[in-house]
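J.: One-letter residues, chain by chain:
2 protein chains.
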Amino acid sequence: MKFTHLFTRTIKENPKDEVSANAQLLTRAGFVYKNSAGIYTYLPLGWRVLQKIAQIIREEMNAIDGQEVFMSALVEKKYLDPTGRWDINVGFEVKAKGEETASFVAGWTHEEVITAIVTQFVNSYKDLPFSTYQIQTKFRNEARAKSGLLRGKEFMMKDMYSFHASEEDMFAYYDKVRVAYHNVFRRCGVKAYYTVAAGGDFTMSQTHEFQVVTDIGEDIIYVCDKCEHSENKEVSQLKDGEVCKICGGTVHEKKSVEVGNIFPLGTKYSQALNLLFIDEQGTKKSVVMGSYGIGLGRLMGTAVEVHHDEKGILWPESIAPFRIHLIALEGGELKASEIYDTLTQKGIEVLYDDRQGVSAGEKFADADLLGIPYRVVISKKTLEQESIEIKKREQQSTEAKLIPWAKLFDMLV
Amino acid sequence: MKFTHLFTRTIKENPKDEVSANAQLLTRAGFVYKNSAGIYTYLPLGWRVLQKIAQIIREEMNAIDGQEVFMSALVEKKYLDPTGRWDINVGFEVKAKGEETASFVAGWTHEEVITAIVTQFVNSYKDLPFSTYQIQTKFRNEARAKSGLLRGKEFMMKDMYSFHASEEDMFAYYDKVRVAYHNVFRRCGVKAYYTVAAGGDFTMSQTHEFQVVTDIGEDIIYVCDKCEHSENKEVSQLKDGEVCKICGGTVHEKKSVEVGNIFPLGTKYSQALNLLFIDEQGTKKSVVMGSYGIGLGRLMGTAVEVHHDEKGILWPESIAPFRIHLIALEGGELKASEIYDTLTQKGIEVLYDDRQGVSAGEKFADADLLGIPYRVVISKKTLEQESIEIKKREQQSTEAKLIPWAKLFDMLV
Numbered sequence: 511m512k513f514t515h516l517f518t519r520t521i522k523e524n525p526k527d528e529v530s531a532n533a534q535l536l537t538r539a540g541f542v543y544k545n546s547a548g549i550y551t552y553l554p555l556g557w558r559v560l561q562k563i564a565q566i567i568r569e570e571m572n573a574i575d576g577q578e579v580f581m582s583a584l585v586e587k588k589y590l591d592p593t594g595r596w597d598i599n600v601g602f603e604v605k606a607k608g609e610e611t612a613s614f615v616a617g618w619t620h621e622e623v624i625t626a627i628v629t630q631f632v633n634s635y636k637d638l639p640f641s642t643y644q645i646q647t648k649f650r651n652e653a654r655a656k657s658g659l660l661r662g663k664e665f666m667m668k669d670m671y672s673f674h675a676s677e678e679d680m681f682a683y684y685d686k687v688r689v690a691y692h693n694v695f696r697r698c699g700v701k702a703y704y705t706v707a708a709g710g711d712f713t714m715s716q717t718h719e720f721q722v723v724t725d726i727g728e729d730i731i732y733v734c735d736k737c738e739h740s741e742n743k744e745v746s747q748l749k750d751g752e753v754c755k756i757c758g759g760t761v762h763e764k765k766s767v768e769v770g771n772i773f774p775l776g777t778k779y780s781q782a783l784n785l786l787f788i789d790e791q792g793t794k795k796s797v798v799m800g801s802y803g804i805g806l807g808r809l810m811g812t813a814v815e816v817h818h819d820e821k822g823i824l825w826p827e828s829i830a831p832f833r834i835h836l837i838a839l840e841g842g843e844l845k846a847s848e849i850y851d852t853l854t855q856k857g858i859e860v861l862y863d864d865r866q867g868v869s870a871g872e873k874f875a876d877a878d879l880l881g882i883p884y885r886v887v888i889s890k891k892t893l894e895q896e897s898i899e900i901k902k903r904e905q906q907s908t909e910a911k912l913i914p915w916a917k918l919f920d921m922l923v
Numbered sequence: 511m512k513f514t515h516l517f518t519r520t521i522k523e524n525p526k527d528e529v530s531a532n533a534q535l536l537t538r539a540g541f542v543y544k545n546s547a548g549i550y551t552y553l554p555l556g557w558r559v560l561q562k563i564a565q566i567i568r569e570e571m572n573a574i575d576g577q578e579v580f581m582s583a584l585v586e587k588k589y590l591d592p593t594g595r596w597d598i599n600v601g602f603e604v605k606a607k608g609e610e611t612a613s614f615v616a617g618w619t620h621e622e623v624i625t626a627i628v629t630q631f632v633n634s635y636k637d638l639p640f641s642t643y644q645i646q647t648k649f650r651n652e653a654r655a656k657s658g659l660l661r662g663k664e665f666m667m668k669d670m671y672s673f674h675a676s677e678e679d680m681f682a683y684y685d686k687v688r689v690a691y692h693n694v695f696r697r698c699g700v701k702a703y704y705t706v707a708a709g710g711d712f713t714m715s716q717t718h719e720f721q722v723v724t725d726i727g728e729d730i731i732y733v734c735d736k737c738e739h740s741e742n743k744e745v746s747q748l749k750d751g752e753v754c755k756i757c758g759g760t761v762h763e764k765k766s767v768e769v770g771n772i773f774p775l776g777t778k779y780s781q782a783l784n785l786l787f788i789d790e791q792g793t794k795k796s797v798v799m800g801s802y803g804i805g806l807g808r809l810m811g812t813a814v815e816v817h818h819d820e821k822g823i824l825w826p827e828s829i830a831p832f833r834i835h836l837i838a839l840e841g842g843e844l845k846a847s848e849i850y851d852t853l854t855q856k857g858i859e860v861l862y863d864d865r866q867g868v869s870a871g872e873k874f875a876d877a878d879l880l881g882i883p884y885r886v887v888i889s890k891k892t893l894e895q896e897s898i899e900i901k902k903r904e905q906q907s908t909e910a911k912l913i914p915w916a917k918l919f920d921m922l923v
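Top line first, the protein sequences correspond to chains A and B.
As numbered in my numbering, residues 511 to 923 make up the first sequence, in order.
As numbered in my numbering, residues 511 to 923 make up the second sequence, in order.
Hint data in this document are derived by calculation from the structure and do not stem from the laboratory.
None of the hints are false.
No copy is singled out in the list; a pair is fine if it fits within one copy or between any two copies.
Below, in silico cross-link-like pairs of lysine-lysine (DSBU-like), each with a Cα-Cα straight-line distance of 35 Å or less:
#	residue 1	residue 2
1	LYS636	LYS526
2	LYS512	LYS562
3	LYS512	LYS648
4	LYS873	LYS845
5	LYS901	LYS636
6	LYS890	LYS911
7	LYS795	LYS544
8	LYS765	LYS607
Whole structure, please, built from the sequences with the hints as guidance.
T.: Next comes the structure, spelled out in structure tokens:
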């Protein structure tokens with residue numbers, strides 16, 4: 511994509527109403543636009559990142575036999591009444607103008623809906639197990655929506671639900687999801703700790719969270735500096751500086767962001783919504799369920815919190831909007847266009863800064879802000895040596911490496 | 511995908527609360543689930559179809575330089591007040607529990623939001639033209655939601671908006687969109703007529719619709735049986751049986767469904783929301799806009815209305831959930847599994863009916879209901895001749911063709 515074609519522009523000043531690094535940098539770089547408190551639009555560059563995260567999640571959920579669906583955002587009262595969750599005050603009511611009372615909520619979770627749906631298809635133990643997921647917008651009335659993409663009133667979530675004939679089978683699948691989730695987070699370039707959390711009303715006794723250490727986090731975990739065992743503060747007996755009960759290392763308190771969670775639901779929803787099956791002995795039983803969430807925008811925001819410096823973002827290559835940020839400086843335009851065409855034909859994603867009348871300094875500053883992994887510069891100087899200048903965004907020194915044109919293609923393909 | 515792996519099942523009886531062919535067939539085949547009146551869940555097979563439609567739309571919008579974004583579903587009052595559309599009664603109000611008055615509407619259109627967003631990035635004629643689109647859920651309070659996917663309270667829509675320095679430039683782009691839309695509909699296997707419509711309050715004088723002829727349609731168009739010129743009833747002087755003013759053919763009245771519409775918005779939204787640019791002479795002017803919609807679910811429902819018979823759906827190959835419906839009959843299971851693996855490895859999408867203890871008749875009936883383009887059968891009989899039986903879904907006769915295994919791969923790759 512050409513820079514002059516993109517309708518967004520970088521912004522020099524930090525937005526006054528944003529305090530988090532992710533919101534400041536993503537806004538300045540033109541990845542997101544704040545519509546209202548806690549409500550964002552994904553602009554072309556931001557949408558590319560979110561789609562890459564979605565694709566990684568799809569691949570990992572499909573690999574553990576998740577079947578993708580798309581439920582409705584509007585959830586009617588009849589679904590939430592049986593579990594008493596119509597009266598829980600976390601969401602938004604939806605009603606036609608002039609109606610006295612609302613009969614819908616803007617979906618903040620879909621356990622009841624998916625349970626009602628699968629009731630139509632499950633009769634026997636032979637119909638089990640299976641799992642199904644969606645990537646959908648969720649709505650929650652967050653009073654303090656001030657952490658950019660980390661906590662929003664409207665956000666995109668992957669929610670998966672699994673259905674089993676026994677608790678054993680559910681926990682076996684639960685473990686597969688744990689591994690798949692670690693794959694997702696690793697592939698998205700963040701290190702997630704697996705922790706036990708207090709389940710609350712939602713679920714069976716113990717639930718689990720995936721926590722990424724970052725200063726802006728609202729959660730606190732204890733992490734052993736030797737074996738990396740971690741525990742949530744709310745359920746832990748540990749304190750900062752204590753000896754790790756597993757390896758004898760020292761445990762430290764860290765701020766963290768929850769990027770995913772998994773819940774053994776048991777039969778709470780299947781009982782409430784009458785999701786039954788006939789087992790091998792001919793006995794009617796309630797289906798055992800699990801549920802598994804990942805916030806896509808939150809994962810994107812967390813990646814920025816973890817990977818940025820004072821100049822801008824440093825995207826992990828797997829979720830970067832482009833792989834190459836190609837810059838033409840004065841005299842290099844013709845060759846740069848040629849290289850842009852060649853790279854694009856080879857299927858390499860390039861953002862080409864083809865702006866004229868913009869200084870080298872300004873172009874470099876924008877490249878640092880946008881955070882695309884490789885910066886490639888073509889100028890009069892590099893032309894004389896039939897070369898390009900290449901620099902990794904993560905590289906600390908400002909010095910770029912001169913390499914011949916042909917070698918660039920070898921390096922990238 | 512294996513049939514035994516899919517969590518949905520076909521349903522023998524027509525759902526009592528559905529009158530349209532698209533809703534009846536899509537429900538019975540397990541493509542959709544009705545959550546509430548006018549609100550559907552896309553189940554795995556239906557979601558595959560919708561994603562294929564989305565991909566065709568993306569390709570065609572990207573080809574005319576559309577930049578994809580994703581706006582929020584919640585639209586705050588501040589966006590709709592300047593155009594007076596906060597008070598229009600087509601949508602749903604959204605408010606937190608306990609709040610007196612709503613400050614959000616569930617987005618039913620996004621002209622105001624996108625106009626406010628691009629105001630941040632447009633200063634000069636050099637920033638124009640461009641266009642941007644999203645594929646997003648829309649919400650409208652349809653009183654009579656009774657046509658399945660053709661008219662819903664919640665539905666997925668591609669909405670594109672274009673921004674120009676002059677009316678001439680906007681109309682030049684408008685014409686490109688017209689061509690791209692015809693590509694979309696043709697690729698999705700429906701024949702759409704381009705008609706003039708009454709614009710109403712939304713827009714400049716004339717707007718255009720893309721209409722597909724089908725009995726269930728709520729619109730009426732006049733189509734010439736010779737040159738295929740078409741006009742909307744509401745704006746036409748023509749009557750059924752009259753002479754076509756263009757070619758002298760005869761004009762006939764037909765029921766039709768609107769699958770897309772394009773609007774020359776002019777400066778209505780840019781004036782209300784202060785979207786200005788400085789032209790080459792240094793004069794401040796309002797940006798000229800166009801807007802362009804396609805309903806994805808409606809297009810899917812229309813494809814079913816146009817392509818079905820008394821046995822089930824006949825998907826156009828481009829949007830079919832799978833290309834091959836592979837059926838193993840008694841004795842053919844081993845060879846069928848082998849062929850399934852080979853086809854899948856070659857990247858061919860196969861639904862493999864691997865159910866045991868289900869009769870041939872039942873498997874054939876399900877294949878006809880689901881409507882996948884090619885049915886491939888492997889049985890004891892075909893094994894003896896080292897062959898498979900292949901039949902196109904659209905083929906009228908029940909007779910299938912016997913072809914050697916190897917030839918199947920040649921035929922499909």
